[in-house]
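When we follow this note's numbering, the leftmost residue of the sequence shown carries the number 1, and every step to the right adds one.
Hint data in this document are derived by calculation from the structure and do not stem from the laboratory. All C-beta atoms, glycine included, are put in the ideal place defined by N, C-alpha and C. Please note: incorrect hints may appear among the correct ones.
Claimed, not checked - Within a straight-line C-alpha distance of at most 30 angstroms, the following computed BS3-like cross-link-like pairs (lysine-lysine) qualify:
id : residue 1 : residue 2
1  : K223      : K117
2  : K167      : K223
3  : K223      : K66
4  : K19       : K117
5  : K184      : K66
Stated by the list, open to error - If you anchor each label on the Cβ, the simulated ranges turn out as follows:
id : residue 1 : residue 2 : range
6  : Q50       : S231      : 17 to 23 angstroms
7  : Y163      : H113      : 23 to 29 angstroms
8  : A247      : M114      : 35 to 41 angstroms
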Amino acid sequence: MTDPDYLETAAGRRIAYHKTDGSGPGVVFLGGFMSDMDGTKALALEDWAQANGRAFLRFDYSGHGKSSEAFTDGTIGAWADDAREALVGLTDGPQILVGSSMGGWISAILIRHMPEKVAGFVGIAAAPDFTEDSMWRDFSDAERQQLIEEGLVHVPSDYGDPYPITKHLIEDGRKNLVLRDPLKMPFPVRLLQGTADEDVERQVALNFLDHIEGDDVQLTFVKGADHRFSSPSCLDLVVKAVENVTA
1 MTDPDYLETA
11 AGRRIAYHKT
21 DGSGPGVVFL
31 GGFMSDMDGT
41 KALALEDWAQ
51 ANGRAFLRFD
61 YSGHGKSSEA
71 FTDGTIGAWA
81 DDAREALVGL
91 TDGPQILVGS
101 SMGGWISAIL
111 IRHMPEKVAG
121 FVGIAAAPDF
131 TEDSMWRDFS
141 DAERQQLIEE
151 GLVHVPSDYG
161 DPYPITKHLI
171 EDGRKNLVLR
181 DPLKMPFPVR
191 LLQGTADEDV
201 ERQVALNFLD
211 HIEGDDVQLT
221 FVKGADHRFS
231 SPSCLDLVVK
241 AVENVTA
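When you get a sec, could you build the whole thing from the sequences and use the hints?
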């Protein structure tokens with residue numbers, strides 16, 4: 001695997017990325033919480049883009065993968081800034097955003113603040129507002145008190161070590177909520193959600209659908225699919241959703 005290139009942001013963070021040249025509108029993959037750009041979905045889309053001569057970009061937020069900074073220094077706002085600078089600095093013209101899990105929230109933030117750079121959106125198990133509507137909601141009283149007093153709690157993860165959740169992640173998340181007001185998306189939108197997803201409840205997908213204002217918005221539930229959404233059949237659905245949007 002080739003080494004990534006790096007983009008230095010205005011805040012001095014070094015964002016690792018891989019870019020495929022090709023025709024537009026390009027496709028930009030935005031990964032999930034504590035994920036990286038080398039995941040199955042990102043690589044499957046890169047293969048599709050290269051086979052079809054389509055421009056493609058995948059990158060790591062700061063504190064993720066090969067990018068600089070510590071994960072515990074990150075916030076939703078900082079990661080959205082990383083994504084915004086990657087979108088502005090590394091792509092030409094409007095792009096199709098493919099947001100996985102937290103990447104769906106980051107995509108919604110970008111769409112709200114720079115709609116002129118977006119030609120379409122595909123959300124995969126999208127998790128908008130999860131720091132407030134999932135993490136904070138589900139913390140015990142003891143965990144909330146620990147977070148307030150010590151600034152850090154660890155929550156179990158099905159993907160490895162416990163997640164370190166910081167007070168400033170929760171507080172910054174409240175400044176970037178997207179499901180409290182309508183979301184204007186005047187372009188094709190495809191949302192994909194597994195019914196066996198134990199990280200993102202199916203109601204989140206329905207709430208996201210209800211908040212999006214647009215004339216071409218579709219939500220597809222896949223029975224038995226989990227949060228990874230990375231089985232061969234799920235990857236095929238992701239590619240088809242991107243093809244549908246590009247069409």
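Any of the earlier hints contradicted here, and which numbers?
-> 1, 2, 3, 5, 8
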